[in-house]
Amino acid sequence: MKRHLNLNNAVMNLPRRDARDKLLGRTKYTIDAVGSGDLHAVLLRAEIPSAKIKKIDLSVARMMPGVKAIATYDDAPGLHGLGIADTPIFAKDVIRYHGEPIAAVAATTLAQAREAAKAIGLVLEEQGAVLTMREAFAGDAALVHPDWADYEIIFEGAERQGNIAWEATVVRGDTDEAFSRSDVAIVEGCYSVGRQSHVSFEPRVALASYVDGRFHIQTSTQVPWTVRHVVAKVLGVPDSHVRVTVPAVGGGFGLKFDCSLEPYAAVLARMTGKSVSIANTRQEEQMTCLCRENAEIRIRSAVTADGEIVGREATVLMDAGAYGGEQVFLSTMTAHTLGGNYKLGSVKLSSLVVYTNTPPNGAFRACNGVYNTFALEQHTDEICKVIGMDPIEFRRKTVIGNGDIGATGQVFKGDVLKPMLDTAIENYGTHENKTLPDGRLYGRSTTVGTWFIFVGSSSATINLNSDGSATLVTSGVEIGQGTMVQALPQIVAANLGIHPDDVIVKTADTDASGRDLGVGGGRTTVSIGAASEAACAEVRKKIIATASQLLQTKADNLFLSKGRIEIRGKSGSGMTIQAVVAQAEADFGPVSGSGSFTNPGILAKPGCAAGHFIDAIDMPVHAVHDCELAVDPETGHVEILSYRVVQDVGRALNPRAIHGQIQGGVVQGLGYALQEEITINENGAFDQEGFETYRIPTALDVLPIEFVLHEGAPSCGPLGAKGAGEIPILNVGAAVACAVANATGQPVHQLPLTPPRVLQVMDGKDAILNFPHISPVWKDNTIRFA
Amino acid sequence: MTIQLKINSEYLEYHGDPRASLLEVLRETFRLTGSKSVCCEGFCGACAVHINGELVASCLKPVGVLEGTEITTIEGVGSIEKLNPIQQALEDHDVVQCGMCFPGIVMTFTSFLESNPNPTRADVRAVMSGNICRCTGYERIVDALLSIQMNGEVA
Amino acid sequence: MADAAGKQLIIAQSLDEALAALANTGLSAIPVAGGTWVMRAPIRQEAPAQLFVSLHAIEELKGIEAAPEELVVGAMVSHRQLAIELSDMADLKAIRVAAEKSANPSVRNMATIGGNLCSTNFMSPDLVPALMVCDATINVQSPGAKTEIPIENYIETRLVRPNNELVTRIRLPRGSFRSTHQRLLMRKAGEYPVANLSMRLSIGGDGRIADPRIAVASVENQPRRWTGLEDALRGEVVSKVKIKELAIDQVKEFTGRDGPDAPGWYRLRILPRLASDALADLTVN
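Chains as they are written, first to last, in the working numbering: chain P, 111 to 896; chain X, 3 to 157; chain Z, 74 to 358.
Hints are not guaranteed to be accurate.
Unchecked claim - Derived PhoX-like pairs: lysine-lysine, alpha-carbon spacing no greater than 25 Å straight-line:
id : chain 1 : residue 1 : chain 2 : residue 2
1  : P       : K138      : X       : K8
2  : P       : K228      : P       : K202
3  : P       : K875      : Z       : K325
4  : P       : K715      : P       : K651
5  : P       : K616      : P       : K672
6  : Z       : K317      : X       : K8
7  : P       : K889      : P       : K715
8  : Z       : K317      : P       : K875
9  : Z       : K219      : Z       : K135
10 : Z       : K174      : Z       : K313
11 : P       : K138      : X       : K84
12 : Z       : K174      : Z       : K261
13 : P       : K507      : P       : K453
14 : P       : K875      : P       : K495
15 : P       : K453      : P       : K495
Stated by the list, open to error - Partial selection, computed: residues in chain X whose CB lies under 8 Å from chain P:
id : residue
16 : I53
17 : E77
18 : V98
19 : A128
20 : T138
By construction, these hints were calculated from the structure, which means they are not laboratory data. Note that the coordinates shown come from a computational prediction; the quantities given were computed from them, not determined experimentally. Even glycine gets a Cβ: it sits at the ideal position worked out from N, Cα and C.
With the hints as extra help, turn the sequences into a complete structure.
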């Protein structure tokens, strides 16, 4: 049916329609609605990392001025989670992390709620805490979840044991054979990264009310359907008793790809019969952030003299914090990132999600792809040093291309990375040694990266209105990335022959739209876009049929353009879409259509992957980053001199918007690579509590990012588009680390490269030669194969 | 204690704790939610307002000292029908993303460009160091702000 | 809780009124200048003082008087005003740079020189080391008494000064010195300095350093003079390389403090670089 359209009309720099209100301060985010409800709620949070709760005494708090209800575990029992149901909403009997919610107080004013929370009596018996993954592995380590074996398994197939919440493994081919060959060099490395915090300007916040026997949650979230499901489960009501609506969101980046404060507001709304709002303070937001996890990696490769990787083994320890959460799911992505990019003769990977008594981690823009790419690319540069091959030449030879097999045995389509490398060389030149006049050390790197578009369930409905406009109903949320107000209306408009300004985009309401996996991972353009296209196809079919009747022309000869249905070759001879809609309504009733999308389903090689949620990635997305920098050898400061990107976008629907994502995503990556550091003290709490000590890039710390958009790689997305919002951050840690290694002549094994760490690198004191708790023998780090 | 505050040319009365920050009073008492509460310590710039024409972090100003001053918030800058030149440039260049930092950026540059109509790129970036943005990576905002001087007119 | 009249904030119209309010032993009362330290009490997990005594209406605390031998700065002068007023004064450049570079534009509009001096728990002030090298004299007033205190003495006694005392004016002697201020951050802006250093000296006709004064803040809990390096530099010919060597030798005078912003060893490691950058800046012309 696409012959009725010119889909190229979808490509334009459509300006965002929500900019004006945002610039005037008129936009009402959920945080701006706090105080419009009846009651304010606060959480009583644990101040130690590990303890038995002997007693919670609410008697004094309950009697305090303004207090209407106090909720604890018994008011919202049950466990939830991804993969394993291990997470309670309130601590039940046991505190597992500093900051864990123990109770929620609803009162008339915020000050009253805070005072009452302070008056809650707690009798705790402090227990030993495991604060690092190394401690978690020790033979006599305390178990963060002594009852781990009894937890409900939501997704089958993974090994679990003790403080190992989840194990995902990949075995393809015989690595023992590869490593024992006489014609290979064996290169090994250990890498360690800390956490990164999103710092979305709007904190997590929710309002809950109980109306006509149902809960209405207004929240700042990326995943309205997840919120609906978890709130219902926690409250013990059917999912259909919960409605979730989402206005403009002030930043997400993955922090809000989970249920957060909504259950507390909902429980208190039910208990009080009043509407309740709850918001994290900046300190709570920072100290219980669902961070990009800290991780430890051991990797080794057997490589021939001409650059063939005949064997690769790696173990990744991912710190889940006190509960499994997103990390359980993300263990899947090691295979496609650390095990990605390059042709591998044989491969063994294990990802262990480890419980510690620290705040739970979560998803953050390209998740573990960011640190896996850092480790992989540094490792690759080290391989190049050992075998004496140019790092770009090695990558050109070894990156996966059409027909090559990934770590889990999936067959990749299309040559993407190699042409992108060539584009980078063509546009950005080859590497040359440079001497800087001020005595700083010059370094440069070229790195490659692979991530995925998080496809999965989305649905959309289009209502074609009598005035020729169309209303698009989805569960998509505008978190700032622009897709809801740019790419989506552009796609719908092109599919209906109207202008994007005539596409009304309904804000997310689970009562109005079908189920959706959520916004993030590049899904909005691809999954919601594809569902929207499917809905457009239904609508188009209906109006073409009506127009064909009215114009007495075969459907094949009709063409939708500029709000009209024209007869092909006879411009101006057709009719307006309004006229067709009017007739269709008279004949059949209002014109609408629905569409759905889910994983296309690419196959992996059977038996390779265990404990994986995604065996093969349906839509890979690639990047090549080129970075030049200068290192001050006295202070350790790193200044980026140039940063240039080639990004695999499939089809650039709104190039200006993509520019915004690249500039913003790379800058977040620079923060990760150079400045953003979280340290955890002996109380299991973050030392960095706010903007003073958690350092995100300021305007003086950045530079314009140059880029070339690579189009044409295979994609099942609308018009062949891929999501562009996540991938800009993927390579930055790698790019900076490899360039610093190049500048200093020393390997880089840790991020972030803060000035003190750079000095340690230069002093030769930074190399982590060994993790005593990660065996060099691969199978010893697994449950399945040990 | 009753304090009379002149906000965006309108007189409003406040009866609460005079030690409360202007930001808290704007958002909670007067429901002027355009100024955002993000860092609460003067680092991020999202709460920026003008007091007697001068840029001030409203999270750090106790409301009790403000009687007799002229307070301008983002709600007093531009209108739906006509944006001020800073807002217009930012809209024209399509640089807004989540939007939470933009009221503060508009306030900062409305006062800065009034007294510095021809800044260099370095000047703009230095002034922007008081407005943190997590989404955009700044440079396109700088491009937009620099374009204002070429048009010649300022707030 | 509020004062006898039920007030939680008073705008003092005179020094006497402010001092009387601060002497109220019935509740916790603090002077409020720019407010940029006081208003962050919640972030520091501190309850706000019960009575705010705002100083912004007191005439004696405002304004800058310029005379040939000295500059007299009112305690309520903001960083921004100070930077503008001192823009042509090479001898007081340390103060100008400190005022111009610290924090960010809106905080510089609000924060005052008096506030910076009196925020004794703030470990990374920029103005304080600059005042130390510029040989400031601090005028204070308490009920019935006005005293002039040399800056070194003021800093030494800063933590034990009485509640009912206010800094009123800061006197800065003029002369044919050169001064500067260097600060080191992890990023390029938007945070407190990991270490900073102010330097003032004269250079004799023979090219030798006379009367060197160097003050350092943020490396330890309190700002202080770098007397070892001052002694080593006195009489030396100006040389960026030499000062670095001498500084490396004299760093031992400091104990670097560990903080969430940086480890102590790093603050010590970069001090020599701050010293040589300062000297380079002083010898540019």
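So, going through the hints one by one against the coordinates:
1. P/K138 <-> X/K8: 23 Å, holds
2. P/K228 <-> P/K202: 19 Å, holds
3. P/K875 <-> Z/K325: 22 Å, holds
4. P/K715 <-> P/K651: Since the Cα atoms of P/K715 and P/K651 sit roughly 39 Å apart, the hinted pair is violated (cutoff 25 Å).
5. P/K616 <-> P/K672: 22 Å, holds
6. Z/K317 <-> X/K8: 55 Å, violated
7. P/K889 <-> P/K715: At roughly 21 Å apart (the allowed maximum being 25 Å), P/K715 and P/K889 satisfy the hint.
8. Z/K317 <-> P/K875: Satisfied, since the Cα-Cα distance of roughly 23 Å is no more than 25 Å.
9. Z/K219 <-> Z/K135: Since the Cα atoms of Z/K219 and Z/K135 sit roughly 17 Å apart, the hinted pair holds (cutoff 25 Å).
10. Z/K174 <-> Z/K313: 23 Å, holds
11. P/K138 <-> X/K84: 20 Å, holds
12. Z/K174 <-> Z/K261: Holds - the C-alpha atoms of Z/K261 and Z/K174 are around 11 Å apart, at most 25 Å.
13. P/K507 <-> P/K453: 9 Å, holds
14. P/K875 <-> P/K495: 20 Å, holds
15. P/K453 <-> P/K495: 19 Å, holds
16. I53: With a closest approach of 17 Å, the X/I53 hint is violated.
17. E77: 6 Å, holds
18. V98: 4 Å, holds
19. A128: 7 Å, holds
20. T138: 5 Å, holds
Hints 4, 6, 16, counting from the list given before, are not met by this structure.
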